[in-house]
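Peer 1: Given the structure of chain V, go ahead and fit chains G, F and E onto it with the hints provided.
Residue numbers (our numbering), protein chains in the order written: chain V, 39 to 504; chain G, 39 to 504; chain F, 39 to 504; chain E, 39 to 504.
One thing to keep in mind: the hints can contain errors.
Identical chains blur together in the list; that is why a pair holds if it fits in one copy or across any two.
Said to hold, decoys possible - In silico DSS-like links for lysine-lysine, alpha-carbon gap of 30 Å or less: (1) 184 to 197; (2) 441 to 85; (3) 489 to 441; (4) 85 to 416; (5) 184 to 441; (6) 440 to 489; (7) 229 to 478; (8) 440 to 230; (9) 85 to 184; (10) 474 to 416; (11) 416 to 230; (12) 229 to 416; (13) 281 to 59; (14) 85 to 440.
FYI, nobody ran anything at the bench for these hints, they're computed from the structure.
Protein chains: 4
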Amino acid sequence: MKALNENCGIFGVIGHPEAAKMTYLGLYALQHRGQESAGIVTTDGRKMYERKGLGLVSDVFPDERALAPLVGDAAIGHNRYSTTGTTNIINAQPFLIRFRGGYIAAAHNGNLVNAQILRQHMEREGSIFRTSTDTEVIFHLMAHSKYSEIPDMISHALKRVRGAFSLLFLTPEMLVAVKDPHSFRPLVMGKKDGAWFFASETCAFDLIGAEFIRCLEPGEMVVVPAGGEPESLYPWGRIPLEKASGCIFEFIYFSRPDSIVFGAPVDKIRRRMGHQLAREHPVDADVVISVPDSSNTAALGFANESGIPFDLGLIRNHYIGRTFIQPQQKIREFSVRLKFNTVRGVIDGKRVVVVDDSIVRGTTSRQLVRMIREAGAKEVHVRIASPRIVNPCFYGVDTPDKKQLIAANKSIEEIRQFIGADSLGYLSIEGMLSIKGLPKMGFCTACFGTKYPVLIEDEAMKYKME
Amino acid sequence: MKALNENCGIFGVIGHPEAAKMTYLGLYALQHRGQESAGIVTTDGRKMYERKGLGLVSDVFPDERALAPLVGDAAIGHNRYSTTGTTNIINAQPFLIRFRGGYIAAAHNGNLVNAQILRQHMEREGSIFRTSTDTEVIFHLMAHSKYSEIPDMISHALKRVRGAFSLLFLTPEMLVAVKDPHSFRPLVMGKKDGAWFFASETCAFDLIGAEFIRCLEPGEMVVVPAGGEPESLYPWGRIPLEKASGCIFEFIYFSRPDSIVFGAPVDKIRRRMGHQLAREHPVDADVVISVPDSSNTAALGFANESGIPFDLGLIRNHYIGRTFIQPQQKIREFSVRLKFNTVRGVIDGKRVVVVDDSIVRGTTSRQLVRMIREAGAKEVHVRIASPRIVNPCFYGVDTPDKKQLIAANKSIEEIRQFIGADSLGYLSIEGMLSIKGLPKMGFCTACFGTKYPVLIEDEAMKYKME
Amino acid sequence: MKALNENCGIFGVIGHPEAAKMTYLGLYALQHRGQESAGIVTTDGRKMYERKGLGLVSDVFPDERALAPLVGDAAIGHNRYSTTGTTNIINAQPFLIRFRGGYIAAAHNGNLVNAQILRQHMEREGSIFRTSTDTEVIFHLMAHSKYSEIPDMISHALKRVRGAFSLLFLTPEMLVAVKDPHSFRPLVMGKKDGAWFFASETCAFDLIGAEFIRCLEPGEMVVVPAGGEPESLYPWGRIPLEKASGCIFEFIYFSRPDSIVFGAPVDKIRRRMGHQLAREHPVDADVVISVPDSSNTAALGFANESGIPFDLGLIRNHYIGRTFIQPQQKIREFSVRLKFNTVRGVIDGKRVVVVDDSIVRGTTSRQLVRMIREAGAKEVHVRIASPRIVNPCFYGVDTPDKKQLIAANKSIEEIRQFIGADSLGYLSIEGMLSIKGLPKMGFCTACFGTKYPVLIEDEAMKYKME
Amino acid sequence: MKALNENCGIFGVIGHPEAAKMTYLGLYALQHRGQESAGIVTTDGRKMYERKGLGLVSDVFPDERALAPLVGDAAIGHNRYSTTGTTNIINAQPFLIRFRGGYIAAAHNGNLVNAQILRQHMEREGSIFRTSTDTEVIFHLMAHSKYSEIPDMISHALKRVRGAFSLLFLTPEMLVAVKDPHSFRPLVMGKKDGAWFFASETCAFDLIGAEFIRCLEPGEMVVVPAGGEPESLYPWGRIPLEKASGCIFEFIYFSRPDSIVFGAPVDKIRRRMGHQLAREHPVDADVVISVPDSSNTAALGFANESGIPFDLGLIRNHYIGRTFIQPQQKIREFSVRLKFNTVRGVIDGKRVVVVDDSIVRGTTSRQLVRMIREAGAKEVHVRIASPRIVNPCFYGVDTPDKKQLIAANKSIEEIRQFIGADSLGYLSIEGMLSIKGLPKMGFCTACFGTKYPVLIEDEAMKYKME
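Isolated chain V (complex conformation) (with noise of 0.2 Å):
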């Protein structure tokens, strides 16, 4: 499953001779959560010194001298997934700016729901505003509050905004992080050789050999100032997590699996799914394979707790996304097949199962059917590791409209015809929530139906209701 896109990747260092380098890397570990554009601010403790542009962290840091003019000990770095489809330099992040504070820049992942109003109301007050970021929101109301104190302004101005932000700041004095009280967004704390890290996931501190501390807080504010060690604010309170509004789709989708998020590796939820989905939507099959590779570990637990012997019957190119054809083409079909092949061994004279992690519009799905069935398959019994999206996502996912959700216009059995499968089964929203290890927290699942954690107050966000 593609269509839902990726949120943002974020990084953060300070007190480490190597600041940039260690960010360069941690933004590649990220490089999953976002391709649009990377960018890397640092700072020696005097000036601030940034780097951003289109493309993947390679492309932007193509070489060492990319790097070089990064100079200092503390660095914040983002991968950005554009949600609004308009590829800009101008929103890349992080976004640095200069206001009564000083310098300052930020890492912004997730999505707020008053952003609109806000600056609307601030434009009537007289701001002016560059981008189309949240971040500058942010930053507007930093800059208005009556506070003189770095974390000051950012505890007022983040208690004006709504919806979920995990977010990193820089200053010359301080790094500071974010996490909203929903806790939406992951973002996760590591230490090494002195030096503090924050990330999205741990397979960041994986790659550079730093130790994972914990995970934030819902809405916890640390402050690292330069020199210094952390200390945890709470702007809102201390918030119990059963409070919190995780996005559960973090386990179904976003992160990698070698990953920890909201506390638990999410291997290991995602693999559950896969049991729990096989209890639920039991099939008389004789293979089960995979959509490569987000799906893998929800079909291996759908075959292991199913018997079914796993295989691999879709092959991916993982140059895919750099072809040309497609895009011009707007043939979707075409475009699933340049990313997947059938291994017509594998699949003919089978009774097989698909299982997948989610459906977006159907189309995908459909076109893989299609393929299966051509490459022999007796009967296609396509099983869904997470419940139907029958709502778009208001923080950081970027779902298409709901009139454009599958399951939000069609019945299961209208879905199972469309993309032709013998039978369709998805998840349960209480079986997914049932799942042993998954953290005792309060998870956001209104994507799938439920009440949205956060009031949307955009006129543009209600649009994508209709």
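Peer 2: Chains G, F and E only, in chain V's frame:
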């Protein structure tokens, strides 16, 4: 003379179906005014479109495809020469923002002297700054004004800034061109096929075949609504030309000789500066040579007036500025050699007059004199077609600090010794201002030691005077 | 296993109005066979057109405009993996020349063993060489033949070379596909809409929707004239399949599992190698993991046969190969870490079987074992789905010198100690060749220590044996 | 006059520790002789190293890193101007091959007239050709010679070719510089710090500070062994200078005025051509203007001799050639406007003499005359500082076919009418050759209608005469 860096080039058009292409050609003709970055913003009456980048116009717009997204029949463009030394895409113009008045873009030639003070003030009031451009200050002032119409907002903002500004604003509804009440920088108006054009110099009109209508008056604001005719407003009232302080360096160096600026043809004035220089500093010599290309016209004037034959004694390599040897060797003298070579046959055994447009640090002149002597000159007489530069410019010309200006620290005799010439003569201020055909207006000659027409309020700028 | 480098990918088509586009897509599907350079040559029956460059297919052909000049309805293309270590555009293929037969281009997969000797001989006779490719040797032989027809010239030339060659030739009049009499490298033939296609693997046909017709026979030369039907010639006579020596490594590592090569589906053979490996080297363990992606199929086979559950214990970062940190640090171990990360939950506290496709130097295996232990494995049992590599390959596989092949210099027990595994087992040659479904043909197993099927005449190659 | 395209620039050095850097600077100084491609080959006495690319020297060698791999103390370089119209990296020089003599590279300025015939002959004998360069023909001839020493092979080969060649050869053991017996193209020799230098023009020596020693004689071959002194050989015997046929266009247009070629300073000869032109075609006028920059010197000469004041009536935009508008519009007249603009004040109301170096097709002249009239000229008198071009060049100058040469098809009066001038005068052949200071040698004036000094054997070339 190359150390006095060019100020910027701006171009605008409204009412032309190929607005982006016209602007591309206009910027191409104005390329001599800035090579650091180029950009174009267009509008189709609803949205605005931008493309900016570092480098020449031909680097930023390498082919038709680069212009294709810039739809609409109104556009503004900008060639930037950094006056700060920092090459940063962030500061490339035109500058496009969103504020309560909607979307607006601006292209600015010139320099404000109270930008820092205003910026500090506005930061205290809660404004955030993304760039170090003066334009951002103007936008903040507009955003905080009480007015709701764009021309009123512009008027409000510009009445609060001090310094040099030839400005083009573009919104989906109109194009606005303004010149500061001192008329520091040129701005001309043209017409073709019902479309209205604005440019720094008329050479941009020549290329696209537009008719030159007139120069903007000091403090004039021309508003051209989409589909409408230009209307002139005078936010500072009508200012007599005698009260203006046009930059005399436009005639000495910046503008192309084939342009009209401030109502006078550049080549005519520049030539007469050569005449006057010959009258003020006659010399018994065999040949007059110029430092090509910027001093050609003045040298020719010197030759004609003095009766000494003009000749081509220095050849300029037009591929200079693009070799990487220069910046790494940091041998200033070698960089002069990369740019110029002597023609021995012209110089050998001769008493040579070298006419240059100005002397800033004196290092280039020193190397040129040495090269001319090596080519066999019996005597080398340096004649400068402008007065001694003894003060930095705060209105857009990138002069170094006062302590680096050779004429601010040495007598003429000391300079002569430093550059190794047999004699040295500068044009006098009086002589320069007495030139026949010079527009009947006031000129700024502050860099030559007269009063600054606009008070310097800026700390950073005061620093330059030390 | 990454140190055994891929050989090349070739693709050809004749009779298709979009020949260049088909070839682009074919090369895209064959990208795994070579990433150093890519190229396409086309013909419209009169002229020939070429475009080549360093990098991926998507780098060399970034957009439709890159294909536009490649007109005509016949084309050949090439993805190159350098076996020499020198990255040079000069050696990129297809290789296009002019000689007495007019214009001709060729794309070559494989390696000649008497190229150096022929080259020295021809140099003595007065030939000049522009490249270090074998293809240039073949062209010289063609040019010096007595024949006047292209197929005769090719036949003449190829009968004089020794070694591995799957070759595609293109002239304005015809496309010729040839496989050497030993059938070292795969070459398949397909059809669609009256056009004829040739490719290294059938996965290229799947992408463009062409029908797989058959593999070329050992020593078969297929001539397809423009507008005509294929005709098969046999320059070396009909050679029985049993006398062939197909590269068994195509099943072990090179080919994509969804391809058919040498008449058998790769995934089926590769899986059964896993079965056989499990039978030969059983172990009491908790989990089987693979080194993704190349060992996935064999690992799955091992798991199925042994009854030990398969799991995903290593995650591969598909952006590897594009970070600049690796080559500069030259810390081999870090480069393994950049490419793979462990999934602790899968490994911790377990007795782990790691299935890899081969061991060359042993350094990657050593680092992987270390990482798996760091992730908590109680025991690490390494199983290799191919026999020990004790001799270099001279037919197109980029193996290092004999002295760098760990299995040529250490006993199995010494290798086990070197890589730090608790046990180590290799597939036996006999076991490998006994696999059910393996094509009824001879295979080359020289790298595993058996007789080289073609005598090595080349000094440089003998050197590798020391 | 720009339609007569430049021939190539070559540079060589042996015995200098920074051979690649010297060559880079030499090519930079010779950039005016060719902008299509640039390349450098070096040797350290064992191996040879090359880098070539399309574009300017600064495009192919953008930074120090591009030179770093070019180690060794001997090098040759080449700036290419395509005479064929096809831009192809394959044909970029220097050209490096391997043959029985080992590795050898060559850089060639000029054009052979029997290359096609030799090529066809050699193809029949079994040679294959990769490029369409003459250099490849020479290498084949060397390879087929009976000799074993490089100078003998070169001698053997060059005695079989006809036409123009100034050639530099480089092997690990020596550098060889040769000029054809007709001495068509310039080639000069210099010295610095014990190293020996060769270049097309002396301006390359001026930049690096090398001493100009002398021009090569007609048919001279200078061999400089590594670590040794130059030795001169004369494969064609000593040829008196009067029997030479140096390209007179080097004085008219190609060479930089600050260079010495064929033993005479270019500026002096070019100026005297202006004198002679003024004597041959006097006119009553107010101002003499040049078509910059190539006609500046001749125009000055005309002005001095005639007593009519010289002035700057046309301004050249040095960024031309890099705008994409020109090639796509194919409006020749617009391309002239992109390159030149008139200075109205110089021209308005005046009787203008325009001095240009030559007329090829007449289209540029026609547009210039029109622009000058639009700028207010009362009369426009065109004076051409060379004779009428009535025949194509076969020795390296990219003239069009005879039918496109306006002077081959129209009388002077018809040309005058076509370009719209009030009068038109060409320098006479006799006048040109009578110029004082012109080297005492024979010159080729075949393009002006005299006998071709070398018989044209080539079909393709004969075609140009139709």
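Peer 1: Against each hint, give a clear statement of whether it holds in the structure.
Peer 2: Cross-check of the supplied hints:
no. : hint       : result
1   : 184 to 197 : both (14 Å within a copy, 29 Å between copies)
2   : 441 to 85  : between (48 Å within a copy, 26 Å between copies)
3   : 489 to 441 : within (19 Å within a copy, 66 Å between copies)
4   : 85 to 416  : neither (65 Å within a copy, 49 Å between copies)
5   : 184 to 441 : neither (44 Å within a copy, 42 Å between copies)
6   : 440 to 489 : within (15 Å within a copy, 66 Å between copies)
7   : 229 to 478 : within (25 Å within a copy, 58 Å between copies)
8   : 440 to 230 : neither (45 Å within a copy, 41 Å between copies)
9   : 85 to 184  : within (25 Å within a copy, 36 Å between copies)
10  : 474 to 416 : between (35 Å within a copy, 24 Å between copies)
11  : 416 to 230 : between (54 Å within a copy, 26 Å between copies)
12  : 229 to 416 : between (53 Å within a copy, 26 Å between copies)
13  : 281 to 59  : neither (37 Å within a copy, 55 Å between copies)
14  : 85 to 440  : between (46 Å within a copy, 26 Å between copies)
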